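Going line by line, the protein sequences match chains A and B.
Residue numbering for the first sequence follows this note's numbering, beginning at -5 and increasing consecutively.
Residue numbering for the second sequence follows this note's numbering, beginning at 80 and increasing consecutively.
Hints were generated in silico from the structure; no laboratory data involved.
Warning: the hint list may mix true and false statements.
Okay, derived cross-link-like pairs now, DSBU-like style, lysine-lysine, Cα gap no bigger than 35 Å in a straight line [to be verified]: (1) A:576 to B:205; (2) B:179 to B:321; (3) A:227 to A:155; (4) B:205 to B:321; (5) A:105 to A:93; (6) A:597 to B:191; (7) B:205 to B:179; (8) B:205 to B:191; (9) A:576 to B:191.
Ranges of calculated distance between the beta carbons of each label pair, as one might list FRET restraints [unchecked claim]: (10) A:519 to B:315: 50 to 58 Å; (11) B:158 to A:615: 46 to 54 Å; (12) A:760 to B:158: 52 to 60 Å; (13) A:755 to B:158: 52 to 60 Å; (14) B:296 to A:615: 40 to 48 Å; (15) B:312 to A:546: 24 to 32 Å.
Partner residues are not named here, just some residues of chain A that face chain B (Cβ under 10 Å, in silico) [said to hold, decoys possible]: (16) 564; (17) 572; (18) 575; (19) 577; (20) 734; (21) 738; (22) 742.
The structure displayed is predicted, hence computed values, not measured ones.
Here a beta-carbon is modelled for each residue, glycine too, at the ideal position from N, C-alpha and C.
If you want the building blocks of each chain, they are given just below.
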Amino acid sequence: AGSGAGGSPEASGGTGGTGWRRPHGPLQRYYGPSAAEAAEVAPDPTDINGPHFDPEVFMNKVRSECPLGQLLAREAALGREIRALDSDMQTLLYENYNKFISATDTIRKMKVDFRHMEAEMDDLAANMAAISASSARVSAALQDRHRRGAQLAGVQALLRKLQALLEVPGRLRRWAGTEPAWALRCYGRARAVLRHYRHLPSFRAIEDESHAIMADLAQRLRTRLREEKLDPKELTECVEMLLQLEEPPEELSEEFLSQAGTRLEAELAALETELPVPDPSGAATTPPPASDILDFVDRGSSAFVGTLCQLAGSYRSLFGEDTGRLEPFAAALATRYFALLERRLALERGLGDTSLLVRALDRFHRRLRALLELLPAGATAAAELVARAARERVDRYLRALQTFFLGCLGDVRQALAAPRPPGKEGPGLPDLLATLSASVLGQLKAVLAYVQLFTARDVAFASLPYFKGEFCVTAVREGLVVAFVRWLCRTARGFTDGPAEKGAPAAPPALLLLLARLCLDYENSTISYILTLTDEQFPPQDSGPPVTPGPALCAEARAAAQRLLDHYVQVQGAAVAQMLRKSVETRDWLGTVEPRNVRAVMKRVVEDITAIDVQVGQLFEEGVRRAQSSDSSRRAFSVYSSSRAPGRYAPSYTPSAPMDTHLLSNIQKLFSERIDIFSPVEFNKVSVLTGIIKISLKTLLECVRLRTLGRFGLQQVQVDGHYLQLYLWRFASDERVVQGLLDEVAASAAHRCLDPVPMEHSVVELICERG
Amino acid sequence: MWEPMGDGKKIISLADNNILLWDLQESSTKAVLSSSAALEGKGQLKFTSGRWSPHHNCTQIATANDTTVRGWDTRSMRQIYCIENAHGQLVRDLDFNPNKQYYLASCGDDCKVKFWDTRNVTEPVKTLEEHSHWVWNVRYNHSHDQLILTGSSDSRVILSNMVSISSEPFGHMVDDDELSDPEDQHQEEKIKEPLQDSVIATYEEHEDSVYAVEWSSADPWLFASLSYDGRLVINRVPRALKYHILL
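Chain A on its own, in the form it takes in the complex:
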């Protein structure tokens, strides 16, 4: 029993020896140490707490290791521990005994209680048996009366029924006039019984009588059905009653349909009166309809469609699912209704209010849904109606856009042609262009906004597959936007053909320039902007019909712009050329005097070309010009020098061999590029002006070649040429072009001259500077 002297081996000493560990130690040992712990601890004979404790070994060890004081202390500690353990043990024992004793007491008490309960249970069983016996006696006593009571009740019910039956004819007669529904109900209930008891004469009598009354009622109902005008509810009731009276349903359905038919026709006729009668002689204008389209649709929907739905519904409920007769009937009426609606739509002239139209169509479509359930074939017709109306409206918008554009063009032309009060600048071309372009774009956007109403989210028919797909692509994108752009290009191009040749007043050149710039702008930016806008608002579908790609439209716009610009160059060039031609043809070149100054017409030409330069510069950018050489304006005419003195040549040729003038000029021509006069023009100012100058100078050349000149005529040509060269070189993209043409003029003049003696170059310059 040497337990837990310090727990751990001697090194920790006797100090306290960890008081909390002591209870655990013995309990653990009692309950068996855990396997782990057993394995951990090596069998140590000196371990007081270990299982292999050997006192002899322990004592020896301790005696040998520890000093006396420690031994004493240890001994005291051990004693203390032993005493503590003893007291613990005693406490435990005492508690154990206590518990045993209380348990025994409890069991004894329980036994006593159980004995009581058994006695009471026996009493209870006896009572129950007594009660059941007495209740059986009571019910046996009352049995008899019970049976008789039930019998009497049965008899009374029967009597009541018989009385009801007897009263049936009376009741029927009373109600047949006023409340046929009750009569029917009553009769229905009585009929089965009557039929069953037909063999009894009294019943037979009743049955016959009621039968007669009901037949009479049926007759009356039928006449009523046939002759009177009933509203749908009454009609339904009537037919229902007749059905209950076992009338043949086919006849009834026909009657029903015919009655319904007359009523619906009446409503359709009422709608038709709303439409003004088209003038049989085909006059262009019919008077506008009295009410707007929303009212019309409202009335139509609520009156006609509502009635039709009601009737169809009641037909179905009355005659079951057999719709053989109903469908064609309804289909015919529905077609007429659609036709009326189309006529009304056709009367919607002008672009009044698209939102109104959309609402009207929306209402029409919504109200039609109920109808379409029973008439699925009508769905396509209705959808087509709506689609047609939408397309028609889009076409109208396109036409309106076209007229608007033409109106804008008219305004521009007027602005260009208006006489300007002195001192005030006319409207600049860029301003006009900006207004034109902005207003067209604004109008297009407005139109697109209107058309978008058709595909708005809250509109019922926008979910039709037509609207989602084909409408967006075919009608709006292709039919409206693309068509408008194409038409614009075509109209712009139309200014270049036709009128100028037939002699009608041609478009003013400023207009041509404006349109060219407009088309170019369209090609650069506007077309892509418009197409993106359209695609945003009306998203195309991937598998839809093919779409005109943006680049194709841009190419068309560019082609139109090119054409317009070429035409402008031609027109302006022709104007200047005409002046030059007249000046050459009307002058007497043989007998003219020595030139003192430049001819007025040349100055005029330079002024005109400057004005054109300013005009074009307003709309187009400068363009690239070839760099000029240093002595650009002072070049001497080498042709003259060679014709004057065959011995003096241009520095590039060897001066030794005498060469023919013609050969020399031809060789020179080989090295200069051939000039294309009417070549297509690029979109910048310099290119345009070069084209105009080329045309004018070529005309001058050809005209000079047709005349014969005297000496002074030649000198005059020389002076004019020099003057032109002084002033025109800065307008051209390549000054060599101007130079070359003027050289040709001079050469041809020299060939045509009777006495080619050119003026001194310094004198020429003097005259030009003076003039």
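Based on the hints, put chain B in the right spot on chain A.
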């Protein structure tokens, strides 16, 4: 202008705004004025060119002044038809189709060549815009009138094939009797579709404006052109086309 057929007795000359018809008497060297016509109108009207029509027994001539082309009857010296605004600017030259009656070609300063049917002068039958400056001359080939030559001051000579308005739009037609092989018939059917009008060739040998072009009267496949720098160029119709037309 000499009368194309007949015995060379009649000449027409144009002077300012008068047409003068001269009759050369047989033996004498004198010319007698037989009739004349004058052009009435404002301003200074001047005839720029004229041509004798080879059809109708040589009784028609056509003249051009400014932008109008007029046709005259030489027997009465009265105007028959008038094509207003034939070209945007001056009309430079005219020529009649030697094989087809009523067909006339004109060229002008708007760089276009137009073909007219004189029975319907409101619109040209065809317009060619191949040149880039004034067209000075237009000539039909004397025997094959689908070949047309034009010379212009952009230094080019253009030979065009105007098949659709020529007298043989479907190529050479052969009578069925003359064919013996079915092979030949098959070939004939192949060329029955109308050929397309096209520019056959552009001759750019000249360095300066071309002022005159003419077909040779000896060989229908030869033509000459003259330019300002004194160069005369003689050319042939390409052989492939020549055989195509002949066969």
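Those earlier numbered hints the structure runs against, lowest number first: 14, 15, 19, 20
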